[in-house]
Amino acid sequence: MNAAASKQRKIIHIDADSFYASVEIRDDPSIAELPIAVGGSAEHRGVIATSNYLARKYGVRSAMASSRAMQLCPDLQIIKPRFDVYRSVSQEFHRIFGDYTDLIEPLSLDEAYLDVSDCQSCRGSATLIGEEIRQRIHLETGITVSAGIAPNKFLAKVASDWNKPNGSFTVAPADIADFVVTLPVGKINGVGKVTAKKLKKLGAETCGQLQKVPLEDLQRQFGKYGRRLSELAHGIDDRPVRASRLRKSISVEHTYSDDLIDEVQVLNAIGDILQELKTRFTRITDQYQPTKRFVKIKFANFNQTTMEELIPGNPADWLDQAAYMRLISSAWQRGAMPVRLLGAGLRLNPKESSDQSAQKDLFS
Amino acid sequence: MKFVISRDALLKPLSLVSGVVERRQTLPILSNVLVVLDGQSLSLTGTDLEVELVGRTIVEAGAEPGETTLPARKFLDICKSLPEGSDIKLEIDEGKAVVRSGRSRFTLSTLPARDFPSVEESQSSSEFVVKQGELKRLIDRTSFAMAQQDVRYYLNGMLWELSKDVFRVVATDGHRLAMCSLETNIDVSEPTQVILPRKGVTELARLLQAEDEEIKVVIGSNHLRATMSDYTFTSKLVDGKFPEYSRVLPKSSDKIVVGSRDELRQAFARTAILSNEKYRGIRLVLSDESLQILANNPEQEEAEEVVSVDYAGDSLEVGFNVSYLLDVLSVISGDTVKLSLSDPNSSALLEEAEDGDSLYVVMPMRL
Chain A
1 MNAAASKQRK
11 IIHIDADSFY
21 ASVEIRDDPS
31 IAELPIAVGG
41 SAEHRGVIAT
51 SNYLARKYGV
61 RSAMASSRAM
71 QLCPDLQIIK
81 PRFDVYRSVS
91 QEFHRIFGDY
101 TDLIEPLSLD
111 EAYLDVSDCQ
121 SCRGSATLIG
131 EEIRQRIHLE
141 TGITVSAGIA
151 PNKFLAKVAS
161 DWNKPNGSFT
171 VAPADIADFV
181 VTLPVGKING
191 VGKVTAKKLK
201 KLGAETCGQL
211 QKVPLEDLQR
221 QFGKYGRRLS
231 ELAHGIDDRP
241 VRASRLRKSI
251 SVEHTYSDDL
261 IDEVQVLNAI
271 GDILQELKTR
281 FTRITDQYQP
291 TKRFVKIKFA
301 NFNQTTMEEL
311 IPGNPADWLD
321 QAAYMRLISS
331 AWQRGAMPVR
341 LLGAGLRLNP
351 KESSDQSAQK
361 DLFS
Chain B
365 MKFVISRDAL
375 LKPLSLVSGV
385 VERRQTLPIL
395 SNVLVVLDGQ
405 SLSLTGTDLE
415 VELVGRTIVE
425 AGAEPGETTL
435 PARKFLDICK
445 SLPEGSDIKL
455 EIDEGKAVVR
465 SGRSRFTLST
475 LPARDFPSVE
485 ESQSSSEFVV
495 KQGELKRLID
505 RTSFAMAQQD
515 VRYYLNGMLW
525 ELSKDVFRVV
535 ATDGHRLAMC
545 SLETNIDVSE
555 PTQVILPRKG
565 VTELARLLQA
575 EDEEIKVVIG
585 SNHLRATMSD
595 YTFTSKLVDG
605 KFPEYSRVLP
615 KSSDKIVVGS
625 RDELRQAFAR
635 TAILSNEKYR
645 GIRLVLSDES
655 LQILANNPEQ
665 EEAEEVVSVD
675 YAGDSLEVGF
685 NVSYLLDVLS
695 VISGDTVKLS
705 LSDPNSSALL
715 EEAEDGDSLY
725 VVMPMRL
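Sequence lines, in order, name chains A and B. Going by our numbering, the first sequence opens with residue 1, and the numbers climb by one from there. Going by our numbering, the second sequence opens with residue 365, and the numbers climb by one from there.
Note that these hints are calculated values from the structure, not bench results. Check before you lean on any hint, since a few could be wrong.
[As the list claims (entries may be wrong)] In the EDC-like style, the derived pairs of lysine to aspartate or glutamate whose C-alpha atoms are separated by at most 16 angstroms in a straight line are:
#1 Lys605/B / Asp707/B
#2 Lys164/A / Asp17/A
#3 Lys563/B / Glu414/B
#4 Lys360/A / Glu414/B
#5 Lys702/B / Asp691/B
#6 Lys360/A / Asp537/B
#7 Lys642/B / Asp17/A
[To be verified] Facing chain B, according to a computed beta carbon distance under 8 angstroms, are these residues of chain A, among others:
#8 Gly186
#9 Asn189
#10 Val191
#11 Leu215
#12 Asp217
#13 Lys360
#14 Asp361
#15 Phe363
[To be verified] Quick partial rundown of chain B residues pointing at chain A, CB under 7 angstroms, derived from the structure:
#16 Thr390
#17 Ile393
#18 Ile442
#19 Lys444
#20 Leu446
#21 Gly538
#22 His539
#23 Pro607
#24 Pro728
By construction, the Cβ of each residue, glycine as well, lies at the ideal position given by its N, Cα and C atoms.
Using the sequences and the hints, build the whole thing.
Below is the structure:
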C-alpha cells in the first residue's frame, strides 16, 4: 500500500438548489411564492430546464416537455432562461471554491466536485469547509446550495442530495460501511432503470445486498462495469477530481414546432443543424478531433433512435452533408413517421492526447 | 495446533506475507493466510494465485503442530496493535482460531488449510544465485519504467534476461526504457528471457532487505521462484514476448552532453512546475556549453532555466516529458550524467557518465 493511495481524500460535492429558478427568484422576489420553471415555452415545444420546489410538488421535473408541465400545474410560470446571468453566478461560485482548493471539477454551471484534502481552512475539517462555502455562497450570491462531504466522488454526490435543499451531509470514512448498506442501487452513477432491474434479479436492491452478489456474477452480467459496481457498492471510488473536464461529444439538436412529416422534410432540415454544429465545433476545433458522426431522431410518438458511423479518412473532413443525410435516412427508416426532434453531432477525442500523438513511441 | 510466539518474531513475516494478499478477493480463502506449524517451525503463506509468498519463523518450545488459514488482514491488524515485546498465543478450537495476549483475546474464523491454493509449479530450466543487494539494485534502477495496466500486457512487468555471466533486467512502458545489468557467475547454455509481472516485482523488492545475504532464483517454464533463508517467493511469469529492446537503444547519437546530475535534476524539477500538468512537456535547447530548458502551460505561464554543460557541436531543440527525465535523474547516482542525442525525432540515451551499469532511453515529444 503506498502513501498516496492510502491517504484519505476529502471531497465536497456542491449542487445548487434548483439553480436557474433560484436565480430568477433572487432577481424577482415577487415570484418566490409561485410555482415557476425555467425553460422553453409550451407553445414552442419547449422543455423544462429547472423548476422550483413549489412546482416540483405538482410533479414538474427537469427535461419534461413544457406542455406536459403546464398540464400538471396550470399556474406554472415558465421563464425564458438567461444563461449569461447564470454563468456569472457560476463564476462567483468558482471564485469562492478557489479560496479553498485548485482541484475543482465543474459538472455543470451549478454543480462541482472539490478536492479539499490539502485545504487547511477550518482546521482541515471538510464538513466545516463545506458549511463555510455554503454560507459564503448564500451571502455573496443570494443562492442556496447543498453540499455533500465524503472521502470520494460517488459518496459526496449521494450526500449532497441527502439534506437538499439548503443542507449538507457528511459521510465520514468510518460511516461508509453503514451508509452504503441501505443505499438503493439506483443511487449509483450509471445505474438506471435497466441496470436496476437486472440487479434486482440478482437480489440486489440496496448496495448492501449488491455487496453479497459474487463478483464473478457481476462481471459475467456487466463485464468491466461489474467490478466497478462491486466497488461502488462497498463505497469505493478512486476517480480523482479532474480540474479540467474533457468533452466526449458535441451536438446540436432542434425540436420543431411542427413535426417534420416525411423523409424529404427531415433531410431538408439537416442542413441548418449542420451549419450550427459547424459554428459550435469551430470554437473547440484546436482541442478536439472528431472520430464519429452521429444523428438522433425523436419521432412524434416520442420514440427516439440514434445512429453513428466512424469518420473514414481525414477527420478534418467531418462535415460531409451527404454522409449525415445517409445516416439520418437510415435512422428515419426505423420509425418512418413524423419527427419532432432532429440532432446531429460528433464524437470527439482530445487532440494532443499525448499517448497517441505528442509523445513518441519506442516501438512503432 | 497450538503455539506461543513473540509478537516481534511474528510481525515481520506476517506483514510481508499479507502484502501479497489482495484486499478484495473473488475466492474467500484468498484473503486468508495459511499457517502451518511443523515442530517449532512456523510457516505463513499468502497468495493471489499469481504471486505466492511463504515466510518462516520459529515458535517457542512446547507447541502442538497443525495447520489452518486465518483472515490475513485482521490477524495482522491484531498483531500490529498488540504492545511491543508481548507474546501471542494461537490455538485452534472447534474451527475457530483463538488469539491470546496478556488480557486480550480474539476469536477469528478459519477456513480449512487443505482448500488453500498453491501456485502451480513447472519444470525448472535454469537457476542462479545472487546477493540480495545486487538484485535489489537491478529492480530499483528499472522498475519505475514498467507499464501499468497497458493493453500490451507483456509491458506490465520486468524482463529478466540471463546469458553467460550476465543477468540483465529491462522495463519499458513504450515511451521510455530502463535497463540494468549485473556481471555475475551464470551458467546457461543459451540466453533465457522471462517476464516477471509487475506485482511480483514490487513484492520481491520488499523482501530484499539483507544486502549481503544470497538469494537463489529458479526459473521454470511458467514460474519463477526465489528462496531466501526466511522466505520463499513464487510468481507466475507473464506469457508473452517482450519487445526487442536492443533495437531501440540509440546507436548513432552524435550530440554527447555531460552535465551535473544534481543541477540538471533541480532545473528540470523547477521547470516542470509550469509545464502542462497532463502532458508534462518541456523543451530543451542545446547549444555550445549550455542547455536551455523551457516550459509553458495552457495558462501561458512560462519557465526558463539555463544550465552549463559540457558540449560542443550543432545546436538542437527537442521536447521531452519532464517526468521521464526526472525519473532517470532520481534513480541514477554519480555527480555527472551523460545525455546522448541526435535529432528532435530520435530517442535520448541517459546514463551515468562513468562506469554505469544502467542505460535509460527516453523518446521525445512533439511540441
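Status of the hints after comparison with the structure:
1. The straight-line distance between the Cα atoms of Lys605/B and Asp707/B is roughly 30 angstroms, outside the 16 angstroms bound, and the hint therefore fails.
2. With a C-alpha separation of about 7 angstroms, the suggested pairing of Lys164/A with Asp17/A holds against the 16 angstroms cut-off.
3. With a C-alpha separation of about 9 angstroms, the suggested pairing of Lys563/B with Glu414/B holds against the 16 angstroms cut-off.
4. The straight-line distance between the Cα atoms of Lys360/A and Glu414/B is roughly 32 angstroms, outside the 16 angstroms bound, and the hint therefore fails.
5. Straight-line distance between C-alpha atoms of Lys702/B and Asp691/B comes to about 15 angstroms, which keeps the hinted pair within the 16 angstroms bound.
6. Pair hint Lys360/A plus Asp537/B holds up; C-alpha atoms about 12 angstroms apart against a cutoff of 16 angstroms.
7. The suggested pairing of Lys642/B with Asp17/A is violated, with an alpha-carbon distance near 33 angstroms, which exceeds 16 angstroms.
8. Because the closest C-beta pair between Gly186/A and chain B is about 23 angstroms apart, greater than 8 angstroms, the hint is violated.
9. With its C-beta approaching chain B no nearer than about 20 angstroms, Asn189/A sits outside the 8 angstroms limit, and its interface hint is violated.
10. Hint on Val191/A is violated. Least Cβ distance to chain B is approximately 20 angstroms, over the 8 angstroms limit.
11. Checking Leu215/A against chain B: minimum C-beta separation of about 5 angstroms stays under 8 angstroms; hint holds.
12. Checking Asp217/A against chain B by beta carbon gives a least distance of about 10 angstroms; that is not within 8 angstroms, so the hint is violated.
13. The restraint placing Lys360/A at the interface with chain B holds, with a minimum CB-CB distance near 4 angstroms, inside the 8 angstroms limit.
14. This hint holds: Asp361/A has a C-beta 6 angstroms from the nearest C-beta of chain B, less than the 8 angstroms allowed.
15. At about 5 angstroms, the closest approach between the beta carbon of Phe363/A and any beta carbon in chain B falls short of 8 angstroms, and the interface hint on this residue holds.
16. With a cut of 7 angstroms, the hint placing Thr390/B at the interface with chain A holds, because the nearest CB-to-CB distance is about 5 angstroms.
17. At a threshold of 7 angstroms, the smallest CB-CB gap from Ile393/B to chain A is about 14 angstroms, leaving the interface hint violated.
18. For Ile442/B, the shortest C-beta to C-beta distance to chain A is roughly 18 angstroms, which exceeds 7 angstroms, and the interface hint is violated.
19. Given hint, Lys444/B at the interface with chain A, is violated; its Cβ is 13 angstroms from that chain's nearest Cβ, farther than 7 angstroms.
20. Checking Leu446/B against chain A by beta carbon gives a least distance of about 21 angstroms; that is not within 7 angstroms, so the hint is violated.
21. The beta carbon of Gly538/B is positioned within 7 angstroms of a beta carbon in chain A (closest approach about 6 angstroms), and the interface hint is therefore held.
22. The criterion of a C-beta within 7 angstroms of any C-beta in chain A is met by His539/B, whose closest approach is roughly 5 angstroms, and the hint holds.
23. With 7 angstroms as the threshold, the beta carbon of Pro607/B comes within range of chain A, its nearest partner Cβ sitting at about 5 angstroms, so the hint holds.
24. Taking 7 angstroms as the C-beta cut-off, the interface hint given for Pro728/B holds, the closest approach to chain A being about 6 angstroms.
In summary, the numbered hints that this structure violates are 1, 4, 7, 8, 9, 10, 12, 17, 18, 19, 20.
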